[in-house]
Amino acid sequence: MLEDHILWWRSKRGSRRAFDLIYQKYVDMMLSVALHLLGNAGDAEDVVQEVFMSLVESPETIKLRGRLKGFLAVCVANKSRDLLRRRKLTPTGREDRVPADYDEPLKLVIRSEQILRLRDALRRLPYEQQEVITLHIHAGLTFRALARALQVPLGTVQSRYRYGLNSLKTELERED
Amino acid sequence: MKKDKEIEGLIAQVQYKGSQAIRERIHRHFEEWWQRHVSIEVGTHTEQVTIRLNKVACAAAVLVILGVLAVLLHRSASPAYALEQTVEAVKDLRYFHFQFKTSPEALDREAWIEYDPNGSLQRVRVDFHTQAIRSAMVWARGITQYWSWDSKDLWIFDDQEYTDLVLFFVRRYDPKEAIPNLQQRARQGGIHIEIGQPANEMDPATVTATYDPNTFLLDKPRPAMRETFTIDPATKLIRRIQVDTMMNGRYTPAGTYEYIDYNQPFRADLFDLKREAPADVNCSDTTSIPMGLEQGRLSDEQIAVQVVREFLNAWAAKDYDKATRIYGYRGANEARSIRDNVLQKMNVLRVLAVESPVIPERPLTGLRVPCVVEYEQNGRTGTTRFGLRISKSSGNRWRIRDLQLKETR
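In order, the protein sequence lines correspond to chains Z and W.
Just so we're on the same page, our numbering is the position in the first sequence counted from 1, plus 1.
Just so we're on the same page, our numbering is the position in the second sequence counted from 1, plus 20.
Be aware that one or more of the hints could be misleading.
[Claimed, not checked] Derived pair list, reagent style PhoX-like, types lysine-lysine, alpha-carbon separation capped at 20 Å:
#1 K26/Z / K13/Z
#2 K70/Z / K13/Z
#3 K365/W / K338/W
#4 K25/W / K170/Z
#5 K294/W / K172/W
#6 K170/Z / K23/W
To be clear, the hints were calculated from the coordinates, so they are not data collected in a lab.
Full structure from sequences and hints, please.
Shown next as structure tokens:
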């Protein structure tokens with residue numbers, strides 16, 4: 002955590018090396034969060050690139066509260082939400098995308114089918130629940146940090162998480 | 021009802037990773053920005069901290085190496101196991117049978133692999149029952165039979181991409197292929213093999229293959245993972261493979277493979293799902309239906325463009341049967357799905373452009389052909405740009421694999 006703060010402090014002073022280290026350390030986590038929330042590699046790439054470029058172009062305007070990892074994950078989540086909102090107004094929404102592939106029976110041999118089902122169930126959750134679950138489990142944000150970052154009461158974060166988890170449980174039990 | 025911890029553990033396993041190409045593109049963008057702007061480096065302690073951390077890491081690595089050497093020296097008097105002993109032990113065997121699980125809570129699955137007397141792979145059967153689906157797959161020299169008990173579907177098809185999946189599975193877990201495959205991968209880099217010598221003759225040896233993160237398997241980057249082979253001390257055959265993947269900094273079980281018996285001939289009808297399936301099964305045999313288009317003398321790029329052009333023309337002409345055949349499918353359900361979910365979803369009016377093919381990002385294979393069509397929806401016309409991926413279907417034929425809408429105006 003201390004190392005992150007030093008990196009952030011340096012990057013705010015225009016250190017390219019510090020940005021490089023932040024990139025190397027967190028690009029995978031950021032892409033993972035974006036892919037979870039958007040379900041599309043092209044959009045995830047755009048969002049992560051946008052977040053990085055906003056950091057690089059105007060770091061002095063950003064005030065880091067809490068951990069850098071959490072901050073970056075929330076930036077990705079916010080940009081993803083913006084993108085999905087914009088999409089609703091245009092014909093290129095998620096629903097316009099044609100399924101990329103069909104069930105490969107043997108892929109089930111290689112990957113756990115339960116995880117595949119869970120992945121699909123996660124995508125069907127309301128965005129707010131997906132966001133809280135993804136940021137808590139994959140980016141390691143506490144509920145308190147999430148409440149602060151998303152600017153909603155702690156109870157709201159906890160209930161979004163609880164409803165999401167319960168829906169997933171029900172979904173898995175039903176399909177069992 | 022599943023516990024919260026169990027669900028959270030499963031969610032943690034739903035991993036998405038951006039491809040290397042994506043990471044490189046983001047970094048390139050970032051590099052370009054820096055080249056356009058002068059960066060002011062301010063001296064701080066970060067590099068020094070990093071250097072110090074590196075020194076600590078080096079010291080730790082030296083200690084680990086010394087420890088390993090001490091253990092090896094201590095064991096030098098014990099009988100030594102070498103991978104070649106297992107390769108030799110399976111050399112003339114023809115029948116392999118094993119059970120496996122791809123997650124701790126999954127049901128047991130079973131696989132049978134048969135080689136012909138010349139040592140060539142002849143037939144493979146995998147039963148992969150899950151809590152939701154019961155199904156079996158038989159592959160024999162390029163032709164696949166796939167039977168789903170629950171949907172009462174039996175598909176028989178000839179598809180190169182499916183064959184590649186079967187061969188990938190065989191290379192990793194068939195005892196005849198697994199060790200040579202590991203050795204070959206280790207030579208290419210990204211995999212490190214370590215042999216745990218037995219303390220005495222009665223103990224099994226272990227072979228641990230550690231995969232660097234982002235090692236490509238079947239053209240797909242994987243997280244750091246480890247495969248541990250347990251070798252029978254007497255026969256030198258593989259008894260078990262344990263697969264673990266790195267999750268949140270520690271190895272988590274991702275699969276076990278238990279080798280039940282070696283070289284016990286299989287029952288005669290094991291590889292005939294058509295006979296095994298009940299009479300009321302919906303059998304769809306597409307092996308005699310030519311999918312996609314024949315390559316002939318065209319180059320790969322030319323046939324890819326040709327497939328896309330004919331597919332789009334058939335789509336615009338509402339000749340859905342022809343378009344579905346060019347697209348390619350493995351069973352009647354899939355053909356229906358292409359018609360309902362792809363072709364009938366958009367009213368294509370005309371083809372505006374079919375561009376030059378590009379190589380798609382890994383893990384995808386074949387060629388991606390960008391194209392632009394004019395369409396009509398809810399009384400309004402617009403243009404849309406697709407990326408269609410084309411690859412070999414069977415023999416010398418090429419078909420479409422997927423279609424993605426890129427931009428719509």
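Right, here's what the structure says about each hint:
1. K26/Z / K13/Z: holds, 17 Å
2. K70/Z / K13/Z: holds, 16 Å
3. K365/W / K338/W: Answer holds: K365/W to K338/W is near 12 Å, not above 20 Å.
4. K25/W / K170/Z: Holds, at about 11 Å.
5. K294/W / K172/W: holds, 12 Å
6. K170/Z / K23/W: Holds. K170/Z to K23/W sits at ~8 Å (cutoff 20 Å).
In terms of the numbered hints stated before, the structure departs from none.
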